[in-house]
Every structure is written in C-alpha cells, then in structure tokens.
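**Q** Quick note, the sequences are listed as chains A, B, C, D, E and F, same order.
The opening position of the first sequence corresponds to residue 8 in our numbering, with each subsequent residue numbered one higher.
The opening position of the second sequence corresponds to residue 513 in our numbering, with each subsequent residue numbered one higher.
The opening position of the third sequence corresponds to residue 301 in our numbering, with each subsequent residue numbered one higher.
The opening position of the fourth sequence corresponds to residue -10 in our numbering, with each subsequent residue numbered one higher.
The opening position of the fifth sequence corresponds to residue 33 in our numbering, with each subsequent residue numbered one higher.
The opening position of the sixth sequence corresponds to residue 2 in our numbering, with each subsequent residue numbered one higher.
Please keep in mind that the hints were generated in silico from the structure rather than gathered at the bench.
The beta carbon of each residue, even a glycine, is placed where N, CA and C say it ideally should be.
Any given hint might turn out to be false.
Using C-beta positions, here's what the derived DEER-type ranges look like [stated by the list, open to error]: (1) A:E118 to B:T545: 28 to 36 Å; (2) B:R606 to C:R335: 18 to 26 Å; (3) D:V157 to F:N221: 52 to 60 Å; (4) F:T6 to B:E610: 25 to 33 Å; (5) D:M4 to A:N51: 17 to 25 Å; (6) E:L218 to C:A357: 46 to 54 Å.
Covered stretches of chain F (chain D as the covering partner; in silico rule of three or more C-beta atoms under 8 Å from a C-beta of chain D) [what the hints assert, rightly or not]: (7) 111 to 122; (8) 228 to 234.
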Amino acid sequence: MSPRKLCVPGEKLCSTEDCIPGTGTYLRHGYIFAALAGYVFRKNEGEELPVISVVKETEAQLLPDVGAIVTCKVTSINPRFAKVHILYVGSTPLKDRFRGTIRKEDVRATEKDKVEIYKSFRPGDIVLAKVISLGDVQSNYLLTTAENELGVVVAHSEAGVQMIPISWCEMQCPRTHGKEFRKVARVQPEFLQA
Amino acid sequence: MAGLELLSDQGYRLDGRKPSELRKVQARMGVFTQADGSAYIEQGNTKALAVVYGPHEVRGSRSKALHDRAVINCQYSMATFSTAERKRRPHGDRKSSEMSLHLKQTFEAAVLTSLYPRSQIDIFVKILQSDGGNYSACVNAATLAVIDAGIPMRDYVCACSAGFVENTAVVDLCHAEESGGGTVMSLALLPRGGQVALVQMDARLHQDHLDALMEAAMTACRSLGQVLDGVVRQHLQEVSVLTAE
Amino acid sequence: MRDGPNTHVGSMMDVAVSPVLALRKFGCEQSLLSRPDGSSSFVQGDTSVLAGVYGPAEVKISKEIYDRATLEVMIQPKVGLSGVRERAQEHCVRQTCEAALLSTLHPRSSLSLILQIIHDDGSLLSCCLNAACMALMDAGLPMSCLFCGVTCAIEQDGHIVTDPTSQQEKESRALMTFAIDSAERRVMMSSTRGSFSVNELQQCVALSQRASEEIFQFYRDSVRRRYSKTL
Amino acid sequence: MAAVQVCEAEKVYIMHGVRDDLRVDGRGCEDYRHMEIETDVVSNTDGSARVKLGYTDVLVGIKAEIGKPKPAAPDEGYLEFFVDCSANATPEFEGRGGEELGSELSCTLYKVFNNVNSLELRALCIAPREHCWVLYVDVLLLQCDGNLFDAISIAIKAALFNTRIPKVTITEGEEGGAELELSDDPYDCVRLNVENVPCIVTLCKIGHRHVVDATLQEKACSVAGLLVSVTHKGTITCVRKVGGGSLEPESIFEMTETGKRVGKALHAPLMKLLRDEEAQGKQRQKVGFLG
Amino acid sequence: YNFTYPFSSSISTANGSALVKIGNTTVICGIKGELTCPPSDAPNKGYIVPNVDLPPLCSSRFRPGPPSEQAQVASQFIADVIDSSNVIQKEDLCIEKGKLSWVLYCDIICLDYDGNLLDTCVVALLAALKNARLPEVTINKETDLAEVNTDKLHHLNVSKHPVSSSFSIFDNTIVIVDPTVEEETLSTAMMTVVTDEDDRLCMLHKPGGSALSGEKLQDCISRAVTRHREVSKLIEKVMDSFEPDK
Amino acid sequence: MPVDTKRVRGPEESQSPLLFLPSIAKKSVAAERGRQDGRRRGQADVRPVFARCGLVSQAKGSAYIEAGNTKLICSVFGPREAERKDEAGASSGRLLCDLRFAPFSCPNRGAWIPSSEDKDTAQGLLEALRPGVRLHRYPRAQIEVNVLVLENDGSALAHAITCASMALADAGIEMYDVVLGCSLRLDGNSFLLDPTLQEETAGEPGAQGSVTVALLPSLNQVSGLQADGDMREDTLAEAVRACMEGCHKLYPVIQRALLRAVHKRASPSES
C-alpha cells in the first residue's frame, strides 16, 4: 500500500468542491482543514464527491452523544433513579469515567408506572443503555433502557455468581437457583463479539 | 483606665460630645443602579455601604431553601484600607464571619421573610472606613438598603453601641473609646415596637449597670431611627418629584 | 484523659519481665467517649493514645467506593498541626486496618478513625495500632482478624529492646515497628528506621510475634472483663 | 467575570450599530462613557480615589507601609496590588467567588504599574537593602458594568496623585543600628510623580471594528480584545490579548494604534482635573457617596 | 523485572539532577543547595530536605492542589531512607560549626506515573546526589560573611548507595517485583525493601495490607539484595559515561 | 506565613549561594554586538528546538520540548467529565491549564506553592490555546493541560504554548490549528528573538521590553499577545512581526515531530 498521507491540525486539505468534509476536519472559507494530527482518508460513498476525513490511530475518542449506545456499570440505586458510570461508547472504551442517570421513567417502554428501580437494577450490574440527553446544569447524562435490546447484560447473584437470564424481567443464579428481578436485555449478536 | 481620658471632668468626651450624644449621621439611599437596593451611611468617621439583592431564587445548594420563608444571606466585609492597620483580607476571618451571622440574625427578626417562601435575600455590607460602631453602621445602612429594595419590614432596625465609662453610659462609641478596654454593648432595636432584635456585649459589666446601659442604647437607637426615617422620607420625596415630572 | 472519666472500665496488667521480652505496663479502656461509635484509649508505659471511630456513615460522593467502605485515618499530634510524618503513619495504620476490616460488608459508606496522641514516650506507632484495633472492636465493625503493634529497638551493642521509651529510641541504632495479625501471627505492617542486618530483622520479627501473644491475650482479657460487666 | 446574557438578535443589533459607528448608548466607537472622579475619599488611607465610569464604580485606597526591599532590587520600593471583587458588585462574588478574578486583575495591574517606567520606585527607597516604602494599592469593585481595567487604572493614577507619604529621617540609633523616624506633620510629606503612570485602554473587537470602553453587553458580542496601557507621551507599556478568540495581525496593529491615540488623549484632561481638584483644597465639598 | 534506565540529565540551573525511567515510570530529581544556619540541636550538621511531588501531569489520578497523601507518604519515605542509610553524612554539609551549613533541597517530580514510584525516586535521588556539585564556600574572617566561589565545584561525598526494591503482594502467594500501576492497584499489599552495598537493610517498609509470612519476607529480602547489585552497576555505568565529557 | 504541613520542612530560612557571589561587573548585553550563544540580533534567529510527542504513558497526549536550555514537558488529559458545571459548560467544553515551574528550574530555588506569577503565566497559556481548540466539539467535558517547566532559560511561556499545542494534537483533540509561541526581547533598539534567561533579565531597565506572541500559523491569526515595557507603537508592530516570523521558523520542526508521533502509532486499518 502506498504511504498514506499524514497531516497536522490546521493543514489545508482541499476545497469543498473536491470533497465532503468528514470526521476530524472542519470547514473555513470554502476549504477543508484538518482538525487532528493523523492519516488522511478519502472514501467514495456513492455520492458525487468523496468524503475526506482525518483519523488518528484508532477512532478518535468521542464523548457520549445523544443516541449513542453505551455500556455502563450501576453504582447506586434509589427509588427514583439509578446512577451509573459509563464505561464504553459503542465499542470504544472511555479512558475517564462519566456519570449517568437512568430515571425510573426511562427503564421500560411499557408499563412505565409499574417500574421499580430495585427490581430492575442492582449496583454492580453491567447495563446497555442509550443516551437521551446530555442533561442540564445540575444533572449528568440521562440514559434510557426502554428498548428490548437494552438493559442488564451481566449481573451477579447474591452468591456472587454470574446469573443467567430466564425471562425479560428475571435472572437466575446457577448455583442457588434463586431468581432475581432485572430489566434484562436481549443481547444482540453484534455485541457478543467480546 | 490608663492612658486616655475618655471623659473629661466637665463630662465631655474625646471628640467633645456629651455622653448621650450621637455622632453626625449622613446617609443616602439608592447609590447603585445594578443592585435591587443600596444605601450608604456615615456615622462620624465610620462609613458603610450596603447592597441588597433579591428576593431571588436560592443560589447554591437548593437544600438551603426554606419552604415557609425567605433565606437571609449576609456577608460583612471590610475594605482592606478601612482600618489604620491594613487588613490582609476583606472578609473570611473569624470576626467578619461572626459579624455576618449577627447581621443575619438581626434581619431575620425584622424582614417579613414569610412573604417570600423558598427564596433568598442577599444583604452585603462593606465598611469603607472604620471608626468604631461598625456593627451599628452596617445595620443602619442595611436597613436603608432593604427599604430601598422595597422589601417589607416590620419596622426599621436601628442599631447603636453604648459603653460604660466611669459610671456613665456613653453612646455611639468611636474607635478610641471602643478600644479603651471597657464594656461595649451593641444593640439593634425595632424602635416603634421597642423590640430588641439583637444585643451583644463583650467584657464584664455589673448587673446593676445593665439597665442603665440598655436604656441609654435604646434611647440612642430611637433617635437614630428618627434620622433614618428622615432620610427615607427625603429620598422618597426626591424620587417622587422625579417620577412626577 | 486517662484519669478523666469515672467509669474506669479498663485494666492494668503486669507482664512478666523476661530478659528479652519486656513490654511496659499497658492499659486500655473502651467506650470512654459517648459521641463516637467506638472509642478506646491505649496506654503503654507513659505513651498514651486515644482513638475514636465513626461509622459506618454516609460518605462524600467524591470518596465513595461502590463495593466497600472508605476508611479515613487521622492522627492528631499532641501539639501543633499534623505534618508529613503523621501522614505517613496514618497511611500505615489505614492500610493495616483496611486489611483487617471486612469493609465489603458496608459498601458506599465511610469509616473514620481518629487517633489523638495524648503523650508520646516511645513506641508511638505501635500504641496507635493497638488503640485503633481496640476502637474498631468497640465500634462493633466486622474484622477478619485482630492486629497489634510492637516496636523493637536495636541498641548500639546489638541488644534488642521491645517497647522502648523515647530515650531508648533516641539511643538506639535501629528501630522497627511491626503489626502482627492474630490469626497466623504474620507481619501485616512494618516500618523501620536505621540500618540493620537480615539476621537482626528476623530476631526482631520473632520477638514481636512472641510479644503479640501477650497483647492479644490482654485484648481478650480486657474485652472479656468489659462484657462480663454488661451482661 | 460578571457576564450578561445577550441573545443573538441583540448581538446582531449591537454589531450592526458598531459597524455604523453608533453604539447602543449613542456613543461612537472611540468614546468613553461619562466619567466621575473624586480623590481623597477615605481618610484612613494615604491616598484614595473613586472613579465612576458609566455604571462601573471602583474605589482605590493606597496605604504606605515600611517594608524590606526585594532582594532583586535593593534600592527600590515596590507596589502591592489587591483587588477585592466585593459582593456589592454582584452576588456571584460572595465568599470566595471573586477571588479568581481579583488575583487575575491584580496580577495584570502589577505588570502595568510596578516598574520603573511608570513610577519612580527609587524614590520609595528609604535605606537600600533595609527599608523601603511598600505601597499597598487596594482596589475595591463596587459595581461593574464592563471595562474594569480602564476604570481601575484611572482610579489608581488618581489615587497615586493623591498619595502623600510621610517624610522619614534616619537617625543613628544607640546600638549603632539605624532608626527610622516618621514625620508627624501632615504637610511634611513626599508626593509621587505620576506623570508617567500609564492608563489602560481596553479595546474590544466587535465585527470588523473595535470599540473602547465596552459595556458588558458589548463585551458579550466580542470574542477577543486587546488591553493596551499607554503613557501620556503615547508610548505603549503593556499589551495583552484578552478573551477566548484570536485576532488577525492587521487588526492588532490597528487596535494598538487606536489604543495609543485614545490613551494619549486621556491623560491631559485627567491631570487637569486632578490639579483643579487639588487647587480647591479644603474648600472643596467632599461628595463621596452622598452626592 | 522491568529494566531500569537511569539517565543523568543536565538541568543546568540545579546543582545536581537526574532523570530516571523504570519501565514507563519517569522521575526527575533536582538538587539545589542553599546556605543556612545549622540546626540548633546539631550545630555540626546540615539539612537534606527531600520532597516528592506527584503533579497532575504524571497521571490522571492526581488532582492539582496541595500534595496528596501519597505524595506526602513518598516524601516521608525518602526522608527516612536518607536518614537511615546515611547516604550523605550530614556532618559533611556543615561549613562552619554553628554558623553556616548547606541545605540540600532534593525536589523529586514524577513525570510519568506507572507504578513503583518509590524505587524510581530512590534511584533518581542517588544519581542526582552523585552528580551534584556544590561551589566552594568560605567564611571571610573580617566581614563574617560567606563568600562563594563558583569556579571551584566539589562533588558530594556519597557514603552509602541505598537501592530500594518494591514488591506487590497478592494474598501471601504471589510476589511481583517492580509492579506497574495496574499491578499495584490490584495487589493486596505493597512492600519496599531498601538495602545498601553491605547487604544491610536500611528500610523495610510495608504499610499494612495483607499479612506476609516469614519465608516470603526472607525471599523478598534476598531478591532485593540481588537487585541492588544490578541497579548499582547500572548507575555506575551511566555515571561513568557522563563524567568524562563534563 | 502559614507553615506548609504537607511537605517535608527544612530550615526556616535559607539563602541561595548566588547572593553571596562577589559582585561581578554585570556584563551588558547591549555592549556586545552579537549574542552570547552566537546568534545574531534583529534576526529571526531562534534556538534549535528539539521536540517529541508521546512521552508520558499515562496521559492522553504529551509532548516534550527543548529549546537551548529551556526544557518543558506537557501532558493532556481528557476530554473527561467536567468538574464544575455551569451554564457555559453545557454547550462547549472547558479548557483547563496548569503551569508550574519545577523548584530547581530557575537559578534561585522556587517555592512549591505556585506564585501569582505562575498563575499569570498559566492564564496567558490558556488564552493563547483556547482559540486553537475546537471546544464546542466537547460539550460538558473538560480538557486538562498540565505544563511543567523543568528548566527555565528564557521564553518559558512561548515554548509552553508550543509544547501544549503539540500535546493537544498528540491527544487527538480536535483543533483549528496548532498554536506556536515565540517571544522577543527588546533591548534598546534591537531585537533579541527567543531570548535566554540572561538576556531576559540583563540590561538597563527602561530600555527593555518583552513581547510574546502566539500564532495559528496556517490561519494566520494571533491567538495570544503579551507585551511589557516602554515601546513605541511601530516598534511593537515590528516586534510582533518578528515574533510571527520566529513562529513560522518553528512550524516545520513541530510539524515533523507531530507526524513522527502519528507514524509511530499503528496505522489505522482501512475503514
């Protein structure tokens, strides 16, 4: 493969007439500039013009954004909401922890009024959730699990054993056979790769 | 008492006042435009500024809010150049915190806080020049500022200091008299009802003298009240003339 | 503080004076303060430390650990502010306590241990450890084992002294403090000063392990005495 | 800093106005607001001044104390600055809220004023390496509506003009050490030469033009500004870029040019005013805050 | 073992300096000598004041502000190592008894924190002390003032060469030498052994954590002794390579 | 003065041996025609710069720069959750700068506690960097820049700016442009570009001035400007231009260092 082109922030890449700006670039006075130090990519995506983007070694670290699917760990619960630490955005691990909140109303899509937090999550659970808002001045990221694919993916029973989901709202401990309530996620195959 | 002769043989004080005589009081309301209420007062050489913000939403943690009345938030500070010896910090030391607390207590007694539940009223006072009676100057300035802000009060709060020199009660002490080592009492009074909002006294005093001292301080507060009343009426007149035009 | 409250529950106990193993008189009193959840005062000769434990209580969010309790240790010197030396001692005491405490039983809560030095006449760190252990016990916190502190000093001529006074400490060539656990008499903590040979170290460890027997026996006696009264 | 919220429409309005050299309050781009200056307002100080610039209101008090010269400059006295962003100005400054801004301001003031070019620091020296005068310049913000630097610098200049430092005589003490004796006579004092003391002009870039003496609203429309301190001769002693944006080199040159012109013009009337006020002497009715 | 790379870097503003990298952990030590009065209780001694700083620069776990507990503990540790090992005879730092002595400020700053801080600091301190050079100071008999001659520089007399070895202990079973930050946080206890060239121990520092049996303890000590040889050889080699061109 | 209880304390007072030096006649820099290190006056003659990225393993991005004897290291953390939350932080990120001088970085030992000058320098750094960073891409987050001056031999702020912007680029933070810093000493009528500490402090007071410029080179925007000392307006303009020229000289070096760092990391798989 021919050596790829490298660039540093502020480098003029091309005019908007040649390419469509992609990630890691920005527009100014009709030209596309690099915003990152990295490799320059041009890719044709069926449009008339190729998309130009700048990529560092891996995907540039993104912040949890509205609509992103995040993996998080429950840190504490109370009757109104569960507090979580966001660990992954998509499949990118975050270097620093971000805090999020799952409110009672956002746990399930149906029968919202019957949801009880302590029957949905327990501290230490690993949960798949979606960002619905960046939150306001006081609050953290607001997350939701109100989809079939979202909810608890890994949970440990009181005996300390990883539990097996047995229904959409229950998990069972393989050692004690005790059942515990959870908002269980139907894990999509694409998330099972790891 | 060593050193200075605080009371001459003829019964006059260092600055020539009689024991029950106040210093010259000058005051003005509405000195600033951005604050909701503001006032400036000079009591002799003591000069104080007060501003009032509010009532507004409770700032900081919401848990401070009271469901049935307003929170009074006071901060007392002194300009670094206000004293003969330069101060290192304008506020935050123990004495200022104590003074802030006293002001808060005084105005909680006077302002009709129950009219503004879940809100906050800020009273910030600043001593520009200090020559005794800082507390009273602050209270008087703050009263005018609260009135300027249009916040309802039970009554004016007037404060005055009083001390005991050679068995005579003297009022409105200046710095030299305050530091003479005798007893100093600060008293804040709602003059019309005659209720005492705050009394504070340091050093020791014989119980028999207390009544005399209180009486002297209360009389002084009442006369201060009249002065303040005059200032308010004057201010209102000026404002109404302006608005009438 | 030692002769303060009238409810003198603690006891004084003489330890048999053997040529090598000589601990000073020690005494202890538990539950002498009413505000903390657990308290103790521990006396070794003239060295005396007062300990108080608060918790489990609510924890500041910034210090919250989601699967166990947060332990804070503060050592207050007799006079003045605590400095770097105290901080290092706090660190040692804290990690020792953390290893003994079953802190996973109180997740997201805080435990604080305050050690007030009443008088320092040598073997201070070991006295702090002993006071801490008694106070934790008094607070009723679950622990996997007990621990005790022993200080040994090696004198200029190579003679080893246990539980030295500050005069002996000053004249010594090396000084070591160990924390010994009650389960298997192993070394939980060690802090040393001065240089010494490997052999000397081993002698000191062995000596401390022997001394720990006596201290644990003393723990047992004083706790037994206390509960025999309340029951 | 105390900021105001300005919506997009307001921003556009202000920017269009600036383009046409007409600002919200009717001023041109290089005009100052109405300014009031009064000196000698606090009697406990050695020099003081109060400046009102629009709604911005600052009080400066100067106290002279005897201290030890800095080892780097043994034959000079020095100035110390402290800016007290009091809660009077805005409730945000309550407690420690104003400290950050205060230390930032005092740091810049130190750079601008504490050098030999602006003030004769040597005159503040009493005995090299041993004693010198330390001028504590304490700035009190009473109300702020933008352009703090300009108002403060003018107030400091006025207060320095007003400052009177008692004369000191050094006598040989009994044990050989030098003893300092302060003169009691209030008229036996040293004045400072304030001629070279600079004034600060803050320029805010709004759209393609720049304005002096911006109000808080105007400041909210500008991404970057330039702070220029100018002496009466028109020399520039200090430049700082302020704000979060960047500037084109050309506009920097334009802005310094304006700053110099405006700043130079500021000095003469200021000095005249101060001299006039002093000439009135005792007869002057002190207004203070009662006016 | 992670390998140890000491570098003697030249910070020309310091009297002595060293940059040391063990694995990823990087530490810089700068020594500055100043003149002061000797302590009143020991008029023939000088001062050595070590301080370890863990700035937010070196890892995201440290916040700006006053030194964290860990930094304070490390400072105290280094101070104890200096005292216990007699790396410098404090008597050497005295210039005139009761009047003037050196105070050596040894400021150790961590630039990259990836575990095993203490070992790195001790190596950095030793290397910096070895390349530190102080100007000659004499007291002028007439004026009673100190006179400094920057043309004559003297090395310090480093009498002992302490080397520290840290171990991460996992429940009295596994012992890891030279742990990374990840290993440190997962371990149940830490232990640091400081030895000098005569194979004597200067420090056995085990701040709590899970208990350790006598055999394991002995094992650690003997590993520390072997490590001492390796490290001191390395330091000497590096110092030699720097010396000629000065 | 309050006692610092969180550090090992030394004696109450101590003096730097430099104070006891027999006072040598201060060599005036102005007297010489050239400069001590052989560079020429009035020319865009910067010191040789050595720059590297990615030295601090624990940081998101880091850089080290050495210009003559001035040595700086910088690390960048984030974007991480903002600590302080207010209205402004919700829509765009916050940039935090911390700059410190190591105690041994100057001829006289500095204190650990940051002085107001350190804070002032940090503020200058922040103002210079902020226009270069696309902060609106990082809502509710903060990016931390930590600079440590290991040795200060003049122009510390200018190099801190360059070093910090390299570390930001190394951390993969989106930027409009790299930010380059350059400073200049005005000595009488001539310029000394990229001055050493000696040049910064020497000379007659009164005829001296110093200028520091931060430049976004490809956009040709000045993001930071600090100038002190008596100067005429045209001198200032000239000085700013000279600094900009100095920045442009620096640009290729920085560019190369950044590209090297990108190259060193595994190249991304085609996506």
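**Q** With reference to the structure, classify each hint as holding or not holding.
**A** Hint check results:
no., hint, result
1, A:E118 to B:T545: 28 to 36 Å, "57 Å, violated"
2, B:R606 to C:R335: 18 to 26 Å, "24 Å, holds"
3, D:V157 to F:N221: 52 to 60 Å, "55 Å, holds"
4, F:T6 to B:E610: 25 to 33 Å, "26 Å, holds"
5, D:M4 to A:N51: 17 to 25 Å, "41 Å, violated"
6, E:L218 to C:A357: 46 to 54 Å, "28 Å, violated"
7, 111 to 122, "holds (count 4)"
8, 228 to 234, "holds (count 7)"
The structure fails hints 1, 5 and 6 (numbered hints given earlier, in ascending order).
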